[in-house]
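Visitor: One letter stands for each residue in the lines below.
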Amino acid sequence: MTHEERFEKLNLTLPTAPKPVGVYKPYIIVDNIVYVSGHSPVLEDGGHIIGRVGKDMKAEEAKEAARQTGLAILSTIKTHLGSLNKIKRVVKVLGMVNAEPEFGEHPFVINGCSELFVEVFGPDMGVGVRSAVGMGSLPHGIPVEIEAHFELV
Amino acid sequence: MTHEERFEKLNLTLPTAPKPVGVYKPYIIVDNIVYVSGHSPVLEDGGHIIGRVGKDMKAEEAKEAARQTGLAILSTIKTHLGSLNKIKRVVKVLGMVNAEPEFGEHPFVINGCSELFVEVFGPDMGVGVRSAVGMGSLPHGIPVEIEAHFELV
Amino acid sequence: MTHEERFEKLNLTLPTAPKPVGVYKPYIIVDNIVYVSGHSPVLEDGGHIIGRVGKDMKAEEAKEAARQTGLAILSTIKTHLGSLNKIKRVVKVLGMVNAEPEFGEHPFVINGCSELFVEVFGPDMGVGVRSAVGMGSLPHGIPVEIEAHFELV
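Protein chains in written order, with our numbering: chain A, 62 to 214; chain B, 62 to 214; chain C, 62 to 214.
Calculated from the structure, these hints are not laboratory results. Careful, some of the hints might be misleading.
For chains that are exact copies, the list does not tell them apart, and a pair is met inside one copy or across any two.
Once the Cα atoms are required to be at most 20 Å apart in a straight line, the calculated EDC-like pairs of lysine to aspartate or glutamate come out as [as the list claims (entries may be wrong)]:
{"#": "1", "residue 1": "K147", "residue 2": "E66"}
{"#": "2", "residue 1": "K70", "residue 2": "E212"}
{"#": "3", "residue 1": "K80", "residue 2": "E212"}
{"#": "4", "residue 1": "K70", "residue 2": "E180"}
{"#": "5", "residue 1": "K116", "residue 2": "E176"}
{"#": "6", "residue 1": "K86", "residue 2": "E176"}
{"#": "7", "residue 1": "K80", "residue 2": "D185"}
{"#": "8", "residue 1": "K119", "residue 2": "E163"}
{"#": "9", "residue 1": "K86", "residue 2": "D185"}
{"#": "10", "residue 1": "K147", "residue 2": "D92"}
{"#": "11", "residue 1": "K80", "residue 2": "E176"}
{"#": "12", "residue 1": "K116", "residue 2": "E105"}
{"#": "13", "residue 1": "K70", "residue 2": "E122"}
{"#": "14", "residue 1": "K86", "residue 2": "E180"}
{"#": "15", "residue 1": "K80", "residue 2": "E163"}
{"#": "16", "residue 1": "K147", "residue 2": "E69"}
{"#": "17", "residue 1": "K86", "residue 2": "E65"}
{"#": "18", "residue 1": "K116", "residue 2": "E161"}
{"#": "19", "residue 1": "K70", "residue 2": "D185"}
{"#": "20", "residue 1": "K139", "residue 2": "E176"}
Next comes chain A alone, as it looks inside the complex:
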C-alpha cells in the first residue's frame, strides 16, 4: 500500500495547513530532505489545544494533542507537496512538551504523533529518530510543539 492509500483507509480529518505566525516557512526542501517547522495542535476550526501537562491536562490528553499536531504536519505536507507519496520516510522528530518540572512521561505523549506516522507511513518508513523532551513554556500555552524532517522519494 502507498502512503496515500493507507491515509485514505484511516479516514482521518486534517486541519487546514497552518499559516506561519512569524517570519518562517511551514516547510523547506534541501536536496532530498523536507524540513518542517515546529507545528502546534491546531484543530479543524482553526483553534488550538491549550494547556500545560501536569497542571491543566493529563498525559493522555497531551498525547491526543501530539496526535493532533501530527495531523497538522500531515496537512502541511499534503497541502504543499501535493501527496504523501512524495515522502519516503520519517527521518527525525523533535517532540517538545509543555510540562511541569516533575513530569516524566514525554515519550508516552509524543507517541501520539509517532503512532500516527506509523499508521500513515508504515511500521518501518514511519519511524525515525526522536527526542521527546520537556519545555519551560510554549507559544500561547500549547501543550505540544513538534518539528520533523522527512526524506523525499
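Given chain A, put chains B and C in place with the hints provided.
Guide: Chains B and C in isolation, oriented as in the chain A frame:
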C-alpha cells in the same frame, strides 16, 4: 542585490565572532549545509544580554536580544566563511527563549532574529523553517539562544 | 590512530545499547549522515542516572551524567554500525539539561559528553557544532538528554 550589498546598506555593527566557551566549533560544513552552533546575544563590548523573559525583561527587550543573537550568527558566518555571499539561504532556525512558564510570545521574540535575516538575505532566501520555544534555563542566564542551518551557494 | 584504536586504549565500559522506549529508532542513516535519537544516561546495569541539576545534583554530577550519555551514544553506534571507524566526524550535538531556572552552567555539563567524543574521535573530528540548553523537564527525571548527528566515512 547580493547579500553583502544588502548587508552594507543596512549599516549594521557586528559583535566579534564569539569564541566557543565549551568543546564545540562555531560552525561546521557538511556537503552544502553550514551548521551553526547555538549563539548568545553577545554585545560589541563582548558582554552578553542577560535576563529571563517575564521576570527580568519584557518580550520587546527579548526580541532585541534575538536580533543581537542574529548579528552574532552573521559575525560567525562573515568571519569564518569570508562573505555572506557564500550563503544561498536560511534553512532552519531553532529559537530558544529563557522564559517564565506562563510566557507565550516566543514567535514574536524570535522574529527579532528572523527579521534581521530577511533584511540581509532577502524575503525568500532569508526565511527558513523555524521552531520558537521556551527553555527552562539557558547558559549564564541569557534570554535567547539560537542555532541555525544555512545552505551554501 | 583510528577511532577504534583510540577507543580500545581508553578502556571504557559501554552500557548496553538502549532499546527505544517509544515509537522511534535509535539511529537512522540518510546519505552520509547518521542521526542518533535523544539518549539518556543509562548505566551498565540498565538503570538510569536520575536528578534535576540545582535541586538533586550538582553541575559536576550532571557532567558525569553527560559523559555516561555519550557512552550510551557510542554503544548505539558500535552495536548498530559495527565499528566506530564508520564515523568520519561529529557534526552536531544538542545537549539538553534538566535544571532549575537559575542554573547557568549548561556548557560545563555537556562538556562531559563532548570531551568523551574528543577522546574517541580526536581533537578535530570529535568536535562538532553544539547547543547546550536547559529543559523544563526530561523523561523519567533524567538530568541530561543528548541527540547527535555524525558524518559517515
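Visitor: Work down the list of hints and note, for each, if the structure agrees.
Guide: Each hint, compared with the structure:
With identical chains, the CA atoms of K147 and E66 are at most 20 Å apart within one copy only, with a shortest distance of 13 Å there and 38 Å across copies. Taking identical chains as interchangeable, the C-alpha atoms of K70 and E212 are never at most 20 Å apart, the minima being 23 Å within one chain and 38 Å between chains. For the identical chains of this complex, K80 and E212 are neighbours neither inside a copy (22 Å) nor across copies (24 Å), given an alpha-carbon limit of 20 Å. For the homomeric pair K70 and E180, the shortest alpha-carbon distance inside one copy (10 Å) is at most 20 Å, but the shortest distance between copies (46 Å) is not.
Within a single copy, K116 and E176 get their C-alpha atoms no closer than 25 Å, and across copies no closer than 34 Å, so neither meets the 20 Å cut-off. With identical chains, the CA atoms of K86 and E176 are at most 20 Å apart between copies only, with a shortest distance of 13 Å across copies and 26 Å within one. Taking identical chains as interchangeable, the C-alpha atoms of K80 and D185 lie at most 20 Å apart only when they sit on different chains, with a minimum of 16 Å there against 30 Å within one chain. In the homo-oligomer, the alpha carbons of K119 and E163 lie at most 20 Å apart both inside one protomer (13 Å) and across protomers (18 Å), since each shortest distance falls under that limit.
Only between protomers do K86 and D185 lie at most 20 Å apart by alpha-carbon distance; the minimum there is 9 Å, versus 28 Å within a single protomer. Taking the shortest alpha-carbon separations for K147 and D92, both the intra-copy value of 13 Å and the inter-copy value of 18 Å come in at or below 20 Å. For the homomeric pair K80 and E176, the shortest alpha-carbon distance between copies (17 Å) is at most 20 Å, but the shortest distance inside one copy (25 Å) is not. Within a single copy, K116 and E105 get their C-alpha atoms no closer than 25 Å, and across copies no closer than 35 Å, so neither meets the 20 Å cut-off.
For a Cα distance limit of 20 Å, the shortest separation of K70 from E122 qualifies neither inside one copy, at 25 Å, nor across copies, at 50 Å. In this assembly of identical chains, K86 and E180 lie within 20 Å of each other by CA distance solely across copies; the values are 16 Å between and 26 Å within a copy. Taking the shortest Cα distances, K80 and E163 never come within 20 Å of each other, neither inside one copy (33 Å) nor across copies (24 Å). Taking the shortest alpha-carbon separations for K147 and E69, only the intra-copy value of 15 Å comes in at or below 20 Å, while the best inter-copy value is 41 Å.
With identical chains, the CA atoms of K86 and E65 are never at most 20 Å apart, being 24 Å at best within one copy and 23 Å at best between copies. For the homomeric pair K116 and E161, the shortest alpha-carbon distances inside one copy (7 Å) and between copies (15 Å) are both at most 20 Å. Taking identical chains as interchangeable, the C-alpha atoms of K70 and D185 lie at most 20 Å apart only when both belong to the same chain, with a minimum of 18 Å there against 37 Å between chains. Taking the shortest alpha-carbon separations for K139 and E176, only the intra-copy value of 18 Å comes in at or below 20 Å, while the best inter-copy value is 28 Å.
The earlier numbered hints that this structure contradicts are 2, 3, 5, 12, 13, 15 and 17.
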